[in-house]
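Protein sequence lines, in the order shown, are assigned to chains V and Z.
Here the numbering used here is used: the first residue of the first sequence is 1, the next is one more, and so on.
Here the numbering used here is used: the first residue of the second sequence is 1, the next is one more, and so on.
Ranges between beta-carbon positions, derived for each pair:
#, chain 1, residue 1, chain 2, residue 2, range
1, V, Arg117, Z, Gly157, 55 to 61 Å
2, Z, Asn188, V, Ile95, 47 to 53 Å
3, V, Val73, Z, Asp227, 39 to 45 Å
4, V, Asn97, Z, Tyr261, 35 to 41 Å
5, Z, Leu251, V, Arg117, 43 to 49 Å
6, Z, Val211, V, Gly98, 41 to 47 Å
7, Z, Asp227, V, Gly98, 48 to 54 Å
8, V, Ile115, Z, Gly202, 45 to 51 Å
9, V, Val73, Z, Tyr145, 49 to 55 Å
With a straight-line cut-off of 20 Å between C-alpha atoms, the simulated SDA-like cross-links for lysine to any residue are:
#, chain 1, residue 1, chain 2, residue 2
10, V, Lys67, Z, Asn322
11, V, Lys67, V, Thr89
12, V, Lys67, V, Asp40
13, V, Lys67, Z, Tyr330
14, V, Lys67, Z, Ile303
15, V, Lys67, Z, Gln328
16, V, Lys67, Z, Asn301
Think of the hints as simulated: they come from the structure by calculation, not from any bench.
C-beta: ideal position from N, C-alpha, C; glycine also.
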Amino acid sequence: MLLRWLFLLSMTATMSAHADDLVSTTQVVNALAAHVLVADPFGNASQISQSGYDNIAQTGQTGSGGKAAIRQVGNNDYSFIQQISSGDTAVNTQIGNGLRMTIHQTGPGQAISIIQR
Amino acid sequence: MKIQLSRKFFVSTVSVIALSFCLPALAAVGPPIVGDDSATITQTSETGSTASQNQPGQYSNAAYIDQSYGTSDIATQQQNRDSFSTPSYDFSAYGDQSITQTSNTAAQASQTDNSTNATQTINQASNSSGTAAQTINAPAAWTEYNVQSATQNGNNGGSIAQTIGLSNSPTSVASNNTQTAAQTGQTNSTITEGIDGDNASGNSQTATETVGSANVINQTNLSSGLDNIQTASIVYGDSNMIGQTHTGGGLTNTQTASISYGNDNTVTQNQDSGTLNSESATVYAGSFNTIDQYQGIGGGNNIELASVQYSSSGLIVQRQDNSSSSGQEYASQNSNTGANQIGQYQGKSGNYAFVTQTGDTGNLAIQNQGGAYFSAVGNTLSPSHN
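Isolated chain Z, as found in the complex (with noise of 0.2 Å):
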């Protein structure tokens, strides 16, 4: 089914659903059978006009909306799997659905993907306050391997909103997916990504601004799952935020973010629970940058990694809370150019603090361990409450 629709200079609404309906939910395991459906919504120089695309059961299916110069248009599509039960298998796999929205003030656009090894992606430029949402769910079983991604260009006050795994019912599994987002060359923007639901494990979510100020990057793992991933990146950017959350537990979990070309950028890690999870946070060529690291409560064999290079007047805080153990936390200021500080916090016992400051004048270094807590006013050490 194909449907092709152009109108000009007109407030409308145009909605299209491409309907087909899946083979057995079994044969997903396998190789996708044939191409199927295709459908191709074109909406130009319009105000306030909406697509949705829907395709809930069948392999390979293939959607495009594509909406430029227009104003507040809204594109929604899904790869739908939501009544995942006998007799009416609703099962979807290998789709390809795209949105591209260009030079369309407050343009939205949102994607769902309850199905397996699917693509979405959303690309849109020039749209001031433009909105990017996308869902990979598993509302009644499992979702895996599906590529979600997002990337806004020359759109101020944009957002971008990613999450993996909404439901928490215990027979859904969303697992080994991908989200990526990226924004360029805009200020006073998110991006929001978050991987929820008890199976969530081996998902991956990657967030980078690029070329902008005074943006936020969010990343939360209310998971309590394996192996998820979520990475975080500032590149040639000043006054911008980066806090990345995890409080689901669940082992080896990773949460990663760098700066690298900016100033006055802030990084804020927090682990709450779970063991063998790890914070890593980098800085590389910037000032006033700050790196804060937290794990918390419950935790143990946790590492914190953290490092400033080719930087000035950075901080790096470290804590592992009072219940964590054999905690790990490692801070290092290397070839930066003075009054560089770190601080370390380990609150029980087993722990291990590594500092190293090189090539530097005026740094700071304090280490705590055991429940201590020191503060520093100029050289003379005095203990104090926590």
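With the rest of the complex left out, here is chain V (with noise of 0.2 Å):
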């Protein structure tokens, strides 16, 4: 089952980052599952797009096939998506100085696209 679930599980990174930049991407089984209120949720997107500095955005979806995308534009940003159900995707997008990203996935055929620069 082990194999199995580590067979569907697929991540894609793209990164390209400066000196000072974070990056980290981790997956946590079960991780968030105390926390699920709802049966079976599916198929959430959910977008947050940020120019400036010193931001924070935040994405957390527990259901499958949700799709998270955060974009920022500045210094100093800070991004964390988690996911913790199938087929999800997470695709962040950071361009500036002195920024982190933390992505969080724990299910199978997920996949994660970063770009930062």
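Assemble the dimeric complex from its two separately framed chains, guided by the hints.
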């Protein structure tokens, strides 16, 4: 089962970062299981677009097939995406200096795309 | 019939009833036949006076009450149709009634319209703690295309209450009616508007506070009808509140709220059921304003829109609860000066959430979908229970 789960898990990342940027992408199994309030949500989509400085963007999705996109233009921004089901997609773009980005995915068949420049 | 009365410096009670009997109800669907009765009451410098006018059944009746420079005067008017049954048809249409109360402390004005295509107006100025109440009702049949408006100016502690469609009779219909309430230059005043009745559709209610502080606008839609619109605005005012609630279900009902040139104001919008309903709120040129939007259990395909421009330290919270699906949330904070926050929550499936924050510093945006609930402390995200 574990091997099957690992086979289904896919992640793609595209990254071009400045030296002072911090990028962290991890998958944590069932990290949010205790906090799921709704049975079988699916197909949710979210977008955050920020320009400026010192901004924070955070997205969490518990259902399958979720799509999360964050775009930040400016310095010292921070973004966080957490997805715990299957077939989710995270797209995170940051343009500037002093950027920080964290993405947690815990399910199978998930994809991550990151751009920092 | 025309009556004119004027008395000064005495406590008195005047009651004038203008009665007219109507044509059969079926004729009401056509144009007005003739300009009919007219009644006028004038009371000046009185205390505790009462003026009452009732026009139960005729076309194009007109009634006017003017109470000035008095104290605690009471004025009531009614376009009546409370006995809609054969053979005693009681059908009023195309009437025009107005009440004016000026410099009349604690003056009270009330109007009831059970007819069609009628107009009722209340104007109150310089009345401390004056009250205005207007009702469009449909006790036994349809009540439609009526217009009621109430204005208060310089009336601190004043109130305006407007209601459409109190009756829940299955045969009653309140549709395409309009109510407008406006308060200017007031503090600690209230505007309360409600749409009721199972068959209330296509009605419109508008409330406006201009150059005032610590005022409250409350709008409630309890009807399961369609296409009702409630609009509330605050212009040049601080520490005001707008509350809009829709609990009756129905389709394509709209709630809209706006704040411009004001600080520390709050907009709260709740839609607890129904589909294809929308909430919209905007803030322009203010600081520390809050928009809180909620769409609750059982709803689907509902929309929440919130926008803050040229402001600072604004907060937008949008929530679509655990049973709502295919909802949309749009929040934007643009051209602001920083420290603005947006939080979006969507509970079920097929939802879409969208945030834009431009030109700012120190802003925060949090989105949770599908039951997740996160809270942010500094730059660290931690999940927590709802």
